[in-house]
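Enquirer: One-letter residues, chain by chain:
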Amino acid sequence: SPIYDKKATTTSQLKITQLNLTRGPCCGKTEIYMLCDKVQKDDIEIVFRRGSWKANGEFAQTDVHRQIAIVFKTPPYQDQDITEEVNVSVSLRRISDQMESEPVPFTYLPQNPDPYEVKR
Amino acid sequence: NPIYDSKSPNASNLKISRMDKTCGTVLGGDEIFLLCDKVQKDDIEIRFYEEDDEGGWEAFGDFSPTDVHKQYAIVFKTPAYHRIEIERPVTVFLQLKRKKAGDCSDPKQFTYIPQVPDKEEVLRKKQK
Numbered sequence: 001s002p003i004y005d006k007k008a009t010t011t012s013q014l015k016i017t018q019l020n021l022t023r024g025p026c027c028g029k030t031e032i033y034m035l036c037d038k039v040q041k042d043d044i045e046i047v048f049r050r051g052s053w054k055a056n057g058e059f060a061q062t063d064v065h066r067q068i069a070i071v072f073k074t075p076p077y078q079d080q081d082i083t084e085e086v087n088v089s090v091s092l093r094r095i096s097d098q099m100e101s102e103p104v105p106f107t108y109l110p111q112n113p114d115p116y117e118v119k120r
Numbered sequence: 001n002p003i004y005d006s007k008s009p010n011a012s013n014l015k016i017s018r019m020d021k022t023c024g025t026v027l028g029g030d031e032i033f034l035l036c037d038k039v040q041k042d043d044i045e046i047r048f049y050e051e052d053d054e055g056g057w058e059a060f061g062d063f064s065p066t067d068v069h070k071q072y073a074i075v076f077k078t079p080a081y082h083r084i085e086i087e088r089p090v091t092v093f094l095q096l097k098r099k100k101a102g103d104c105s106d107p108k109q110f111t112y113i114p115q116v117p118d119k120e121e122v123l124r125k126k127q128k
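Sequence order for the protein chains is A and B. Using my numbering, the first residue of the first sequence is number 1, and each one after it goes up by one. Using my numbering, the first residue of the second sequence is number 1, and each one after it goes up by one.
What the hints contain is simulated information worked out from the structure, not anything from laboratory work. Hints may be right or wrong, so weigh each one.
Chain A is nowhere near these chain B residues, computed Cβ spacing over 12 Å in every case [what the hints assert, rightly or not]: (1) Asp20; (2) Leu27; (3) Glu31; (4) Asp67; (5) His69; (6) Lys70; (7) Arg88; (8) Val92; (9) Arg98; (10) Pro107.
Straight-line C-alpha distance at most 20 Å; calculated EDC-like pairs for lysine to aspartate or glutamate [as the list claims (entries may be wrong)]: (11) B:Lys70 <-> A:Glu58; (12) A:Lys29 <-> B:Asp20; (13) B:Lys21 <-> A:Glu31; (14) B:Lys41 <-> A:Glu31; (15) A:Lys73 <-> B:Glu58; (16) B:Lys21 <-> A:Asp63; (17) A:Lys15 <-> B:Asp67; (18) A:Lys38 <-> B:Asp37; (19) A:Lys38 <-> B:Asp67; (20) B:Lys15 <-> A:Asp63; (21) B:Lys38 <-> A:Asp63; (22) B:Lys99 <-> B:Asp53.
Ideal Cβ placement from N, Cα and C applies to all residues, glycine included.
Excised from the complex, chain A in its bound form (with noise of 0.2 Å):
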């Protein structure tokens, strides 16, 4: 089995430790700030998935602070149109050996939760 050196960002274990917001709206755009432990700026992506379908968070290397903490927007839900609640996960992954961290959720809100207003 192989050797990590636990202070090693290049092959440390990923792990998130804390998101100030777990929902937002379907369209994406909305600002997170994580908290994590120690990752390389230039090695990292955030990756939402749900069954087939993948997107990646939005941010530039000057938004990981200090390699604990990064601060990113959430791509917009492939479908634009829910009209309930999505359900995805949220996991950190090294880009030069494809590792990840466990997921956290994030819930996708409909951008009108009645657009008929059926239940009004």
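Once you've looked at the hints, dock chain B against the given chain A.
Expert: Relative to chain A, chain B alone:
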């Protein structure tokens, strides 16, 4: 003059880099994610303050050492403003402050928003 060891967190300058919110309710209790330069989890506080001729006001953000993430981020709750009955938003300052040495970061602004009057109160006022 004191000689500082630049590698010691106790001597380095305090700095707030970024906050996820810069406004919140006058009642306090809003959760804020603050990104900062290196701090010691048991020797740091977040001071909200206002300066005026009558001595001003100060109150402290609410968090425990476990809310300090890897020395570079703090998740805390805002303190209540000293007057709940404000009619317009009030802007105050906050800064990081080391408990032992007493030194502070440059301030950032924070705006307290008045309470939204509840429906009953609005109706009562309309009836007058």
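Enquirer: Check each numbered hint against the structure and report the violated ones by number, ascending.
Expert: Going through the list in order, the structure violates hints 1, 3, 4, 5, 6, 11, 14, 15, 22 and respects the others.
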